[in-house]
Structure formats: structure tokens, C-alpha cells
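Novice: Sequence:
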Amino acid sequence: MAKICAAIQDMKKNAVKREQGRKEMQDVVTQDNLVEIRNRRPQRLGDIYVRPTLEGKRVPGEVEIHQNGLRYQSPVRNDHRIDVLLSNVKHPFFQPCAHELIVLIHLKDPIMVGTKKIKDVQFYREATDIQFLY
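So that you can map any letter, position 10 of the sequence shown is 10 in the UniProt record's numbering, and since no number is skipped, the others follow by simple counting.
Keep in mind that the hints are not guaranteed to be accurate.
What the hints assert, rightly or not - Each computed DSBU-like pair below joins lysine-lysine, with the alpha-carbon atoms no more than 35 Å apart:
hint : residue 1 : residue 2
1    : K119      : K108
2    : K23       : K13
3    : K117      : K13
4    : K90       : K12
5    : K116      : K12
6    : K116      : K57
7    : K119      : K3
8    : K90       : K119
9    : K90       : K108
10   : K3        : K57
11   : K108      : K13
12   : K119      : K12
13   : K3        : K108
As the list claims (entries may be wrong) - Across the chosen pairs, the derived CB separations fall in these ranges:
hint : residue 1 : residue 2 : range
14   : N33       : Q9        : 23 to 33 Å
15   : L104      : Q20       : 22 to 32 Å
16   : P92       : D10       : 38 to 48 Å
17   : E55       : F93       : 34 to 44 Å
18   : R40       : M11       : 54 to 64 Å
The set of hints was computed from the structure by calculation and includes no laboratory data. These numbers were taken from a predicted model, which means no experiment stands behind them. Where is the CB? At the ideal position from N, CA and C, for every residue including glycine.
Turn these sequences into a full structure, and let the hints steer you where they fit.
Specialist: What follows is the structure, given as C-alpha cells:
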């Protein structure tokens, strides 16, 4: 009898988890594809970090500017990328360099980064005094 009761409770927990996951993913909209620049190389910014991080690792990557958006590409794995379409950007904020350079982008609709649903993306580059001496 105790096993049956425990099994029923586990089934209830799983059903509640599935329902919460469904409600959470309800407002995630499938984005259009990023239109890459084909006839020339896209403009790139190197040594850029992103928040939220991919797989919990803080790895510098590159941000490329394409026809209808931005692409963050991780150098570790080619399939680790974040595409942000300009049509999905609600508010872009630029913070001038005061020991770090940050661009914060608020999105209209959340996007999926890995398994997380995010509504804000932050691209930043660490700035030191040595970089600005030359």
C-alpha cells in the first residue's frame, strides 16, 4: 500500500512539473532565421562575453552583425550560438566604459538559450587601462 501511495505522489509531482513547464514555455515564440551576410565577411567584435552564459561557463566569443540581427558564437563549439533578431529587440542599452563595456538588450519575446528561457541578453567586454594606452 505504501508503494502505491508513493507512486501516486510521484505521478502527481511529475504532472505538476510538466504543467509548470508548459505554462513557462507558453510565451516563447519561434524566431525567424538569422539572415547571414553572404557576399562579404560580417563585422565582428572579439573577446565578448555573454550573460546568461552557455552551459554555465564564461567563455569569450565573437559577436557578428548580420542583415537582420546579431550572432554570438562561442569558440569552444560551433553549435553554441545565440541569435538575436533586431525585430525582437525591445530596448538596447549601452553603458559607457567605466572599467567594463556592457550592452544590455531587452527582448520583446523570450528566446531559448540552452534550456533556459531568457528575456534579457547582455554582451560585455572587459576593459582595462592597458588596452587604452595604445
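Novice: Indicate, hint by hint, whether the structure satisfies it.
Specialist: Consistency of the hints with the structure:
no. : hint                   : in the structure
1   : K119 x K108            : 7 Å, holds
2   : K23 x K13              : 15 Å, holds
3   : K117 x K13             : 22 Å, holds
4   : K90 x K12              : 39 Å, violated
5   : K116 x K12             : 24 Å, holds
6   : K116 x K57             : 14 Å, holds
7   : K119 x K3              : 42 Å, violated
8   : K90 x K119             : 10 Å, holds
9   : K90 x K108             : 5 Å, holds
10  : K3 x K57               : 41 Å, violated
11  : K108 x K13             : 32 Å, holds
12  : K119 x K12             : 30 Å, holds
13  : K3 x K108              : 47 Å, violated
14  : N33 x Q9: 23 to 33 Å   : 44 Å, violated
15  : L104 x Q20: 22 to 32 Å : 28 Å, holds
16  : P92 x D10: 38 to 48 Å  : 45 Å, holds
17  : E55 x F93: 34 to 44 Å  : 26 Å, violated
18  : R40 x M11: 54 to 64 Å  : 57 Å, holds
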